[in-house]
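Read in the numbering used here, the sequence shown has 175 at position 175, and its numbers run on one by one without any break.
Each hint should be verified, as a subset may be incorrect.
[Stated by the list, open to error] Here are the simulated lysine to aspartate or glutamate pairs, EDC-like style, with alpha carbons at most 16 Å apart: (1) 134 x 181; (2) 134 x 200; (3) 248 x 229.
By construction, these hints were calculated from the structure, which means they are not laboratory data.
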Amino acid sequence: MTKIKIKGILRIVLIVASISSLYFVPWLLVKAWILPLPDTVQEQVNEAIDHGFDGMVVYVDQAGHAPQYFASGWHNRKLKIPAKPHALFKIASISKLYDAVAVTKLVSDGRLFLDKTLAEYLPELVGRIENANKITLRLMIQHRSGIPNFTDAPNFWASPTQTFEESLALILDKPANFKPDEDYEYCNTNYLLINKIMDDVLAYDNFKFIQEEILKPLNLNNTFASLKDVNLENVMSGYHVGHPFDLKTDEHGMLATAEDVGIFLRALNDGTLFKPGEQEIYSSVYKYEHGGWVPGYQSFAKYYKDIDAVIVEFYSTTDSRLYNWNLSEIINSRIVKILKKRKSTRPEDL
């Protein structure tokens, strides 16, 4: 076979391979990325619904301007109730920011110690969690403990655990994923244990401490520990692709409005949330932004220093392949571009 024929065959093979690969391209993500940038945040939020989200809420707090609220899609799809900018939403792992602040305040008060070990705080777990005598509170906050993640248990989200004991049982006697402080792995078990440690030290539910030390000083009256504390009609419905029912009634911890999360995040980033000496402790252990995911609900809270803006985004539709998470991040980036692009950020311009 001549070199010319071989080259021709190779060219055909490459073309066929390229065409075949197109079937695996997430075109929805490509489309969301390349569409012309809208002029306003509201248009971008409306566009998110066109991409398949059932509902979206956005809060923007840019320095020097009144806070802005945006919503599109459904608050409740079945009842045809439009999305509400002040709806309650399951904030999932964004709650870890509140936990980290609570730990910071307890450390500052001398009631918790960052370098004290899991074995010292919960001695009953010695021999049940590997390296318990080497895992410190600091390492748990930073996701550097090596403890297995209980939400990674097979089919966890099909039937989530409801109690501390049920959740902990999923990882007891399992080998560590790595030795303490030798790697990083995001792990919900860390914060399951941190909350238990805070409860034990306080001798009461640590959310009451969060209320007294964080929520009340900031007048955050729309942040709650649980569904049992709220009127369900005020909670935005959540949907998971392929699942036929509204997931609103599933219990997954803290709920808040986008505004409450935004006010908290502004105070976290500008330091007004902290007493003298506390911010230095916090900065040494945790970050200043977060995302959250539970079935039906994904959320983002971030401060953008270059435009001095806090932006909170809530999306009421999730999927198993996390296409919607990636799609959300594209939409989030476009919202930031809109804010940067505008020469004026007056309400009428957004």
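How the hints compare with the structure:
1. With a CA separation close to 9 Å, the supplied pair residue 134 and residue 181 stays within the 16 Å bound.
2. A C-alpha spacing of about 20 Å is found between residue 134 and residue 200, which places the hinted pair above 16 Å, so the restraint is violated.
3. The straight-line distance between the Cα atoms of residue 248 and residue 229 is roughly 14 Å, inside the 16 Å bound, and the hint therefore holds.
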